[in-house]
Each structure stands twice: as C-alpha cells, then as structure tokens.
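K.L.:
This is what each chain is made of:
There are 2 protein chains.
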Amino acid sequence: MIKKLEKHISEQLSFLQGKKLLIACSGGLDSVVLSYLLRQLKFEIGLAHCNFSLRGKESDQDEEFVVELADSYSVAVYTETFDTKKFAKEHKLSTQMAARQLRYHWFEEIRQDFTYDYIVTGHHADDDLETFLINLSRGTGLKGLTGIQEINELVVRPILPFTRAEILNFAKEKNLYWREDSSNKKADYLRNVLRLNVLPPFKEAAPGVIASLQKTQKHLKDSYSLIEDYLSLVYTLVVQEIPEGYTINIDKLKELPNTNALLYEITSPFGFTDFKAVSELLESQSGKQVFSETHRLLKDRNVLILTEISEKKEEKEFYIKKNQIKITKPFQMELKSIDKIGNITSSTIYVDNDKIDYPLVVRKWQEGDVFFPFGMKGKKKLSKFFKDEKLSLVRKEKIWVLTSNNQIVWVVGYRPDDRFKVDDKTKNILKVTRTT
Amino acid sequence: MIKKLEKHISEQLSFLQGKKLLIACSGGLDSVVLSYLLRQLKFEIGLAHCNFSLRGKESDQDEEFVVELADSYSVAVYTETFDTKKFAKEHKLSTQMAARQLRYHWFEEIRQDFTYDYIVTGHHADDDLETFLINLSRGTGLKGLTGIQEINELVVRPILPFTRAEILNFAKEKNLYWREDSSNKKADYLRNVLRLNVLPPFKEAAPGVIASLQKTQKHLKDSYSLIEDYLSLVYTLVVQEIPEGYTINIDKLKELPNTNALLYEITSPFGFTDFKAVSELLESQSGKQVFSETHRLLKDRNVLILTEISEKKEEKEFYIKKNQIKITKPFQMELKSIDKIGNITSSTIYVDNDKIDYPLVVRKWQEGDVFFPFGMKGKKKLSKFFKDEKLSLVRKEKIWVLTSNNQIVWVVGYRPDDRFKVDDKTKNILKVTRTT
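Protein chains in written order, with full-length UniProt numbering: chain X, 1 to 436; chain P, 1 to 436.
Hints were generated in silico from the structure; no laboratory data involved.
The structure presented is a predicted model; accordingly, all values stated were derived computationally and were not measured.
A few of these clues could be false.
Here are the simulated EDC-like pairs of lysine to aspartate or glutamate, each with C-alpha atoms no more than 20 angstroms apart in a straight line [said to hold, decoys possible]:
(1) Lys143/P / Asp222/X
(2) Lys254/P / Glu389/X
(3) Lys85/P / Asp113/P
(4) Lys336/P / Glu308/P
Simulated restraints on C-beta separations [stated by the list, open to error]:
(5) Phe15/X / Ser10/P: 54 to 62 angstroms
(6) Glu153/X / Leu391/P: 55 to 63 angstroms
(7) Gly208/X / Met376/P: 20 to 28 angstroms
(8) Asn302/P / Arg363/X: 22 to 30 angstroms
(9) Phe275/P / Lys20/X: 57 to 65 angstroms
(10) Asp113/P / Asp274/X: 44 to 52 angstroms
(11) Leu233/P / Ala76/X: 51 to 59 angstroms
(12) Asn258/P / Gly375/X: 23 to 31 angstroms
(13) Asn258/P / Lys215/X: 16 to 24 angstroms
We treat Cβ as the ideally placed atom computed from N, Cα and C, and that holds for glycine.
If we strip away everything but chain X, and leave its shape as in the complex, we get (with noise of 0.2 angstroms):
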C-alpha cells in the first residue's frame, strides 16, 4: 500500500510533495493508516485530534492514544476539546453537523497558526459509497452523486481511492494500533447502518461495486462539467446584467431546446421553486410577476426583469473601525495585527495596515467597481473579472468588498487588491480572515 500511494501522489496530488501537512487524527483506523504511510513517506506532519466529548471517558482515552501516537513519532499534535452538544444546541445542528463544523474550524486554525500547507483527512472509497447511498437516500442531484472531493481548497483526501479492506489489511500487516469508536458499532445513524448490515452483503454479491463507483464518480463529474458548461454558455446567450439584476430574453431561451428545464436552471438558484408559475411567465401578460424568498421575476415584453427583493438601505453597509478584531455582520470576519504573513485562501489576506484608511467598509460590489488584482499589474473592472472567472449569476450576487475609502481592499472570498498589499516596507501586518 506504501508503494500505491507514493505512485498515487506523485501522479494525481504531486502538489503536497515537500508539503507540511496536518493530519485530522480521531485515532482510528483510516486516520492511523494514514498517519503511519505520510511518515513512512518522509512527509513533515502533525496530527490534530478533536475530542468532541460525545463518549466520556473512551473521548479522552482516544485523545491521549492520538497524543501517544503523535510521541512516538516525534511530531507536533495538537488537541482540543469541545461541548458538541451545546454548539449543536445552540445553532440548531445535528450532533454529527456540529461536530463536523468544529472540526473543520479549528484545524484550518491550526492549519494557519501552525503554518501547515495542507490538511489532509483518512476518507477512503467505502466512506464515498456511503456518502453516495446517504445522499441518494435524502433525494439529490447529479453533484450530490459526484462523491467526495479528493481536493477541495485546503482539504486533501491522499487514501480515497483505497478501500476500506486494504486498510485493514495493511494494518493488520504492520501491527498498527488503534481505537475503535463504539459508537461505530452502533446502528443508530444511518451511515452505520450502511456501513454494518447494508454494503457488506452488497460488496459480497457485487465485489466490484467500489471501483464501479469511482468509475461511475468519473463520468458522473464529466457530465456535471459538461453541463456547467452548457449554462454558462445558455448565460451568455440569454442573460444579461442590469443596474438592477439581470434580465433574461425570452425569445432567445426560446429557441434553445428544452426551454422550461432551462428556465428552472437559472432561476432556481435564486429560490424560485414553483416551476409552474415561472413556466407560466413566459407566455403571460407584462406585469405579471412570481417572488421567491430573496427574488423578484418579472414578465416586461420580451425579458424577465429578475431583481433582488430590496433590502433596507441602512444595511447594506459595515463599518470597520480601527483596532476593532471581529465583525458578525454581514458574515463573521476577524482582524489581528501580526508579524509574519502566511499563505492567502480564499479566507485569508494579509494588508498592509498604513494602507488602509479606517473606517473600512464592507458592502456588496456594484456595477462599475475597479479593483487592482493581487499579483497582476493594472486594474480589471469586477464584472469583467468575474466573467474571467465563470462566476454564476447568484454567486456574483452575493460577493461582498472589503474597502477602504471606497478603494476596493479585498474581492471577499476571491482576491486582494494589488495596492494593499505586504511588501518589503510594510511595518503593520493586518490578518484578515473570513470565519463564516
């Protein structure tokens, strides 16, 4: 299995090479496997263990075999202990979605704090079938059967390919330890349903069925890609932008094949759900008009005139005042002075603190923002940039800036301006993280 995953890496993740990665440890078998091989494999880890104090005493004993793991090894291993059930409590989440959102925060924390390149969790091929009969089992969609992403920003899954079966096998033939979860054995979530009375009698009767999923996972990403493509096109032909919103040409959706199903594809994102009543607007009088929650869907001649259902003025604008570290509003984002940059994502930048003039202000983008985009010289208008980058129409909506003196700082969630930037005269270092 060592060999298989050194030839797995450096032909379809060669970018962790040289890496500094943070294992997600529970201390369970998939996560000790991939510790042992990461090691084995000469790459420089540290292992991060959550104890979501769900087992009371089999919690702690899980953290102190991760800790002991982590010794043994003589790497870095970091801890923490949260109250899941007053989290899930108090955001309204299942245990098992709270858990998983503490989870993932605090190792992008970690992550950052601790200046590791990537994380990288033990998911493996069986977890996939599961993920896809959980999803088919709650009704989805063509990307909800996609499966799970090896690679998604930060987060990197190097054993997905392998299978349950040969991580107990490797295991077994090094004599690896680890700690089972007794609540794995329990029949109580659906996904140990599957896991022990569902897929064994499946993977008997059908041996192949996990290389057939990842065969099937690869057209099924194929198709979706094909038809992201296909909107983006339909986008170009039908819709165009307004001061308002967009307005969406009648005559040529028309002539497209399949006009309804279209109509669903581009007005469903903004919540219009009442397939029907959209249909219906085609052929209606002007001025009939259909809402969504956030929307607006108005039949004016030859367009639908799709607008955002106003919002009170006095809120579409934040202000940031110096030496503030949080805002919760519009979204959750914290400011810390620092002395050492580390790695941009799409929720992280680093400015230059003489920069900036306070207050900074953090509103939607409007038609005509310019903004300087980090690492490129000149300035790109942010419609144009947005095109550039195949943004959809809801998503573009939603894109808030981060300015100062109506320059923009940051394109949230996507890039730094240029001008703010650390450079080799910067004294103040500002961490800008998007936490929500």
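Put chain P on the given structure of chain X with help from the hints.
P.N.:
Just chain P now, kept in the frame of chain X:
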C-alpha cells in the same frame, strides 16, 4: 391504490385511456395486482404469459394459474413455452437476458397479431431502486442511473411509481392470490441478494429512500437532457458532414471549454477508447491518425476527419426477391402478406405490395437520398430529416433504407415512405418487420 392509479393514469399516462392493453403476466404479485387494477379501471385487457421452462413443474403451475386468472376475468390469455437455456446457449446470453429477449419479442408479436395498443408490465419503484444499484455495481454513467423508463415506445409501466409495500398491502386487502416464484427466494442473482438482504435494512434505516430515488432520477433525467442539448449544439458548431464521413473543426472545438471531454463525447460513440491518443491528435502533425475497431480519425491541418473503415463494397447492398419471407443480413427482417394492417411502429411497416418493384434493396442511406415522409406532403432530404430528428452522428451512420427501384420505401426504424403506403385501393398488403 385504485384511485391513486386512476389519477396517475389520467394525469401522466392519459394516452392509455380507452386503449387495449396486453398485460405481461407472470402470475406473481406485481402482475396480478396490475391485472386486477386495470380490470377495475375498465380497460380492455388480455394476459400474456411466458413459460420459460426454468423451474419444471412450478413453471407449468404458474401458467395454469394465469390461464385460470384470465378465465375468472373473462379476458383473453396467451401463453407460450420457451426453451430458454437453449436459446441462451445459442445466442451466448445469460439466462436472464435470454428470457428478457424472448419475452419482449413474443409480447410484441402478440400485440401486433391481436391488435393490442400497448404492452403493460408490473414494474414498480422497488424494481427501479434495484436496477439503480445493479447498474451502479457494474459501473455506469448518468444515463444508467436515470432509471427504468415508464414509457418505452409501446411498453408502458403504469405502477412504476408504486412501492412493493403498497402493492403487497393492496393485494392482501383485496384477498388476491398470486404465485410466489421460488427462484426469487434464492439469493443467487444480484437482484435477489439486493431484494432479500441489502434493501430491507436500507429501507428500514432510510424510510424515504424510494421517494428520494424518484426525485433524484427526475433531476438526473433533466441533467441528461441538458447534456444531450449541449452536445447537439456542439455538433452543429464543430462537426460537418462530408461524403466520406465527418470533419471536426479543431479551432472551433478549442474555443469551447473542456475541449478534451467534448472530443471524447464526439468520438467515443465511434468506438474510440484511447482517450489520450485522441486528445494528442489535436496537437499533432497532419497525417497522424488513430483507429477504433470501426473508424479512423485523421488529423488534417485544422480538422480531424472521421471516416468508417471501409467494408467490402459487395456487402453493402442486400437484395430481397419477390415472395422471399425473410432476410438475415444486414439484420433480420420478416416479410409477410397479410389481410389487415396494424399499428406502424419503429420496427414494423405496411406497404402496398403492388406499388413496389422487386428485388427490393436494403442499403445504407447516402448523401443526397430523398424520401416522402409518411403522413407528410412532399419530399424531404434524408440529411434534413435526420437533423430534425436530432439524430447523433453514430445513429445516423447506422441507418439502413429499404428501397424499390432506388426509391426509399422505408427509413428502417424511423419512417415509412408515403408513396408506398396502404390506401383504399390496396389489394395486397405486405407487412415488413425488422426483428433484430
């Protein structure tokens, strides 16, 4: 369940109303309930039962049971005995595939001979979930996950939206009798393993899975038709017909996103599987070529030329003499003088035997071919007809025509010609059926 089915038929399958239905009746729960329901809804029905001789005495008892059921309903019954194992061996098919071929071929014969409008089967939602998982376990693509078709030409599955549990409850409530197929209890076929061991715990843990599957498959079907639309758009942009085959415009293809994926979609139906070699043609020198079993792809400056690897010329025309009752090459086709016409389908047409000249010739269609589409005034180029029918390149290439004096009598599988149709003055009707 009666009311629910009545509603479903009136909303989704209204074309069935007043029609004569041939029920594929094994004697098992599903087809017995289907027969009961359709009779209650006052359809004119007949029962067709295949005895596959696979379970000895039990098979014969099933047949008796269906005959008695039909008698008790005072409706027509048709039975036929097949030597499935022999047929399977001769045609190198699995027993299940052999039974399937024999069944549908025979149902279609009965349907035509006794002028039923549609064949109806008792497939239900649980069958759909099983099929989904079977396809998944073998590796499939988007199309393979979109489910059992409710309407497939003249075969209709009216109780596809109903679950096995609903059907079973209904049968018990109405005190219906049915035959249990003992082979369904043996976990030897994958389908039986799924039904007996895999799906019960899955459905128990995720009670909504069947409804979710239906919702999911609806989305997948929509996605699939978007891809079809996109590809047909891509074809019009980059593919051009030439006498020897097709050209693919490389420059135009490169203007589209995911060029390689698109090239794969265009070429894979012609048997090209070496994705890498095909992609490399885009950048290679003129003259470089790649072969599939049936086709050649040749780089020529800014186009790829796609041509069929030439067959021997003499194999390209097949003659039918007067009173000949069948041909076996290039496909099986039967010719029969009959008294009364039935429904024209994709595999059967009726022509006025006095309007045609022998020998009839079966050949591939050619650029320049023209015909008079049945039911339309005037003539049409075949190339235009295929374009309107949105046929893919591959399907077009496989199309045969039946000709009389080099006039097209039938675009086989698609449309008969108006000039040779049966009318008031016809004395001799010839029924022509493609059987493979």
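K.L.:
Of the hints stated earlier, which fail here?
P.N.:
3, 4, 6, 7, 8 and 9
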